[in-house]
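A.B. asks: Take a look at the letters that make up each chain.
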Amino acid sequence: IQLTQSPSSLSASVGDRVTITCRASQGISSYLAWYQQKPGKAPELLIYGASNLQTGVPSRFSGSGSATEFTLTISSLQPEDFATYYCQQVNTYPRTFGQGTKVEIK
Amino acid sequence: QVQLQESGPGLVKPSETLSLSCTVSGASITDYYWTWIRQPPGEGLEYIGYISNSGSTNYNPSLKSRVTMSIDTSENKFSLKLTSVTAADTAVYYCARHYYNSRAYWISDYWGQGTLVTVSS
Numbered sequence: 495i496q497l498t499q500s501p502s503s504l505s506a507s508v509g510d511r512v513t514i515t516c517r518a519s520q521g522i523s524s525y526l527a528w529y530q531q532k533p534g535k536a537p538e539l540l541i542y543g544a545s546n547l548q549t550g551v552p553s554r555f556s557g558s559g560s561a562t563e564f565t566l567t568i569s570s571l572q573p574e575d576f577a578t579y580y581c582q583q584v585n586t587y588p589r590t591f592g593q594g595t596k597v598e599i600k
Numbered sequence: 314q315v316q317l318q319e320s321g322p323g324l325v326k327p328s329e330t331l332s333l334s335c336t337v338s339g340a341s342i343t344d345y346y347w348t349w350i351r352q353p354p355g356e357g358l359e360y361i362g363y364i365s366n367s368g369s370t371n372y373n374p375s376l377k378s379r380v381t382m383s384i385d386t387s388e389n390k391f392s393l394k395l396t397s398v399t400a401a402d403t404a405v406y407y408c409a410r411h412y413y414n415s416r417a418y419w420i421s422d423y424w425g426q427g428t429l430v431t432v433s434s
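Listed in order, the protein sequences are those of chains A and B. Quick note on our numbering: the first sequence kicks off at 495 and runs consecutively. Quick note on our numbering: the second sequence kicks off at 314 and runs consecutively.
No wet-lab data here; the hints were simulated from the structure. Virtual Cβ for every residue (Gly too), placed ideally from N, Cα, C. Please note that a few of the clues may not be correct.
Lysine to aspartate or glutamate pairs mimicking EDC-like chemistry, simulated, CA-CA at most 16 Å apart [to be verified]:
#: 1; chain 1: B; residue 1: Lys390; chain 2: B; residue 2: Glu359
#: 2; chain 1: A; residue 1: Lys532; chain 2: B; residue 2: Glu356
#: 3; chain 1: A; residue 1: Lys535; chain 2: B; residue 2: Asp422
#: 4; chain 1: A; residue 1: Lys535; chain 2: B; residue 2: Asp402
#: 5; chain 1: A; residue 1: Lys535; chain 2: A; residue 2: Glu574
#: 6; chain 1: A; residue 1: Lys532; chain 2: A; residue 2: Glu574
#: 7; chain 1: A; residue 1: Lys596; chain 2: A; residue 2: Asp575
#: 8; chain 1: B; residue 1: Lys394; chain 2: B; residue 2: Glu329
#: 9; chain 1: B; residue 1: Lys377; chain 2: B; residue 2: Asp402
#: 10; chain 1: A; residue 1: Lys596; chain 2: B; residue 2: Glu356
#: 11; chain 1: A; residue 1: Lys600; chain 2: A; residue 2: Glu538
#: 12; chain 1: A; residue 1: Lys600; chain 2: A; residue 2: Asp575
Here are some chain A residues pointing at chain B (derived, C-beta under 8 Å) [to be verified]:
#: 13; residue: Thr586
#: 14; residue: Pro588
#: 15; residue: Thr590
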């Protein structure tokens with residue numbers, strides 16, 4: 495299953511609302527996760543099951559979608575949110591990831 | 314708190330075997346599944362495979378012919394071997410817990426810090 499994220503990168507300011515899209519090449523129900531990765535660090539799980547916030551993740555992060563189209567929204571971008579975000583499907587093996595979306599400071 | 318730590322050589326010669334271990338603390342390796350994921354420099358994430366607490370495995374078809382995973386319950390660790398490596402296998406290798414949570418979703422919630430393995434003569 496191929497996952498295509500858009501955009502590949504974006505520039506935004508602190509306080510902005512940011513939306514990242516992940517499209518699957520076939521339906522995956524709600525079996526999608528979102529990760530945040532900062533330079534030199536391991537990815538961190540933000541969202542699982544398309545819309546469930548992982549424990550400890552700030553509520554400004556939210557996820558939605560099902561089947562083939564999903565979104566990750568950051569309601570009010572904070573300085574610590576500048577990072578690369580990946581979606582991952584966990585519907586079938588092999589697990590696959592989107593190519594990533596880099597969120598940069600405007 | 315669950316912690317994972319990768320270990321192994323940072324430099325491997327072409328055509329040789331890459332061998333990494335992941336030592337787990339804060340959880341018993343017999344209670345969960347475990348996964349390896351890699352990331353070439355400047356690129357995205359690639360699933361390598363998982364190993365279950367009973368030793369069953371699932372490998373990415375793109376690597377299946379070269380990958381072996383194993384678990385060592387006595388040392389609470391699991392391992393990855395990748396044979397016949399080339400420069401394309403140069404990457405940061407991560408180990409992570411592959412967990413079927415209470416909401417019935419597979420998640421990778423705890424990760425090691427990652428270890429860079431460079432394939433070069």
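A.B. asks: So, for every hint listed, does it hold in this structure?
C.D. replies: Hint-by-hint comparison with the structure:
{"no.": "1", "hint": "B:Lys390 x B:Glu359", "result": "violated, 21 Å"}
{"no.": "2", "hint": "A:Lys532 x B:Glu356", "result": "holds, 13 Å"}
{"no.": "3", "hint": "A:Lys535 x B:Asp422", "result": "holds, 14 Å"}
{"no.": "4", "hint": "A:Lys535 x B:Asp402", "result": "violated, 19 Å"}
{"no.": "5", "hint": "A:Lys535 x A:Glu574", "result": "holds, 13 Å"}
{"no.": "6", "hint": "A:Lys532 x A:Glu574", "result": "holds, 9 Å"}
{"no.": "7", "hint": "A:Lys596 x A:Asp575", "result": "holds, 10 Å"}
{"no.": "8", "hint": "B:Lys394 x B:Glu329", "result": "holds, 10 Å"}
{"no.": "9", "hint": "B:Lys377 x B:Asp402", "result": "holds, 14 Å"}
{"no.": "10", "hint": "A:Lys596 x B:Glu356", "result": "holds, 12 Å"}
{"no.": "11", "hint": "A:Lys600 x A:Glu538", "result": "violated, 23 Å"}
{"no.": "12", "hint": "A:Lys600 x A:Asp575", "result": "holds, 13 Å"}
{"no.": "13", "hint": "Thr586", "result": "violated, 11 Å"}
{"no.": "14", "hint": "Pro588", "result": "holds, 4 Å"}
{"no.": "15", "hint": "Thr590", "result": "holds, 7 Å"}
In the structure shown, a violation is registered for the earlier hints numbered 1, 4, 11 and 13, in ascending order.
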